[in-house]
Amino acid sequence: GENVEQHPSTLSVQEGDSAVIKCTYSDSASNYFPWYKQELGKRPQLIIDIRSNVGEKKDQRIAVTLNKTAKHFSLHITETQPEDSAVYFCAARLLDSSYKLIFGSGTRLLVRP
Amino acid sequence: GAVVSQHPSWVICKSGTSVKIECRSLDFQATTMFWYRQFPKQSLMLMATSNEGSKATYEQGVEKDKFLINHASLTLSTLTVTSAHPEDSSFYICSARDWGQGANQPQHFGDGTRLSIL
Numbered sequence: 001g002e003n004v005e006q007h008p009s010t011l012s013v014q015e016g017d018s019a020v021i022k023c024t025y026s027d028s029a030s031n032y033f034p035w036y037k038q039e040l041g042k043r044p045q046l047i048i049d050i051r052s053n054v055g056e057k058k059d060q061r062i063a064v065t066l067n068k069t070a071k072h073f074s075l076h077i078t079e080t081q082p083e084d085s086a087v088y089f090c091a092a093r094l095l096d097s098s099y100k101l102i103f104g105s106g107t108r109l110l111v112r113p
Numbered sequence: 001g002a003v004v005s006q007h008p009s010w011v012i013c014k015s016g017t018s019v020k021i022e023c024r025s026l027d028f029q030a031t032t033m034f035w036y037r038q039f040p041k042q043s044l045m046l047m048a049t050s051n052e053g054s055k056a057t058y059e060q061g062v063e064k065d066k067f068l069i070n071h072a073s074l075t076l077s078t079l080t081v082t083s084a085h086p087e088d089s090s091f092y093i094c095s096a097r098d099w100g101q102g103a104n105q106p107q108h109f110g111d112g113t114r115l116s117i118l
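Chains U and X supply the protein sequences, listed in that same order. Its first residue numbered 1, the first sequence is counted upward by one per residue in this note's numbering. Its first residue numbered 1, the second sequence is counted upward by one per residue in this note's numbering.
Next comes chain U alone, as it looks inside the complex (with noise of 0.2 Å):
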């Protein structure tokens, strides 16, 4: 089945400057990777997704990058501000009629002000 690993799990940045987060998939037919922001206690809230047939999307200062032959995409954000402090969590949609989502560890961001 499929596995996604998800690395940094926790990333401390200076305000300002710009966080990665990496996640890698094991099954290639994957085929859809969302990420998530859960603050703490709360609902995981979708900031950007990527479909297999698209290399990068970016959304203001989110943006997403899909390395379709590494089996990997990676999440970035520039310019941090302190509410982007949270857990992120990536999420690989299996190409099935499940659609499950398999979801990567978690990386906590703390942005230092």
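Read the hints as simulated data drawn from the structure, not as lab findings. Given the structure is predicted, the values throughout are model-derived calculations rather than measurements. Just to be clear, a hint being listed does not mean it is correct.
Computed, partial: chain X to chain U, Cβ under 7 Å [stated by the list, open to error]: (1) THR32; (2) SER43; (3) THR49; (4) LYS64; (5) ALA72; (6) LEU76; (7) PHE109; (8) ASP111; (9) GLY112.
For every residue, glycine included, the Cβ atom is placed at its ideal position computed from N, Cα and C.
Since the structure of chain U is already known, use the hints to place chain X on it.
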């Protein structure tokens, strides 16, 4: 936007009690809903896939007799933790797919239920 409502948000009960958690899609129909469990500082672990009108599909290691799932309508799925014990204490979150959207669309999450078993 798509809204998923989950109730209750917090439950504290005695060991041996059964607890029911509801997950509702408020403005869309969801043929498929997912139930996750999240322990502190850990990732979301998929427990089961709830399919409207049919039996749920459980992930390996999840006891189907312990975690009863019912998906009787296109907008409601319930998870019942039967005879709960302290080790069942966790954050339970549901998510739902919009039936009317294509395959590669995001899942919409509920607010989660924090279950504490004394």
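Measuring from the C-beta of ASP111(X) to each C-beta in chain U, is the shortest one below 7 Å? holds (5 Å)
With a cut-off of 7 Å, does the beta carbon of THR32(X) approach a beta carbon of chain U closely enough for the hint to hold? Holds: closest Cβ of chain U sits about 6 Å from THR32(X), inside 7 Å.
Does PHE109(X) pass the interface check with chain U, least Cβ-Cβ distance below 7 Å? holds (4 Å)
Interface restraint verdict for SER43(X) against chain U (beta-carbon cut-off 7 Å): holds (5 Å)
Holds or violated: is there a CB of chain U closer than 7 Å to the CB of ALA72(X)? Result: violated, 20 Å to nearest chain U Cβ.
Against chain U, run the beta carbon of LEU76(X) and see if the smallest gap drops under 7 Å. Status violated, d = 18 Å.
Verify the interface restraint on GLY112(X): the C-beta must sit less than 7 Å from at least one C-beta of chain U. Status holds, d = 6 Å.
Identify whether the interface hint at LYS64(X) stands, where standing means a beta carbon of chain U within less than 7 Å of its own. At 16 Å from the nearest chain U Cβ, LYS64(X) fails the 7 Å test, so the hint is violated.
Restraint check, 7 Å cut-off on beta carbons, for THR49(X) near chain U: Cβ of THR49(X) sits 6 Å from chain U, so the hint holds.
When held up to the earlier numbered hints, the structure conflicts with 4, 5, 6 and fits the remainder.
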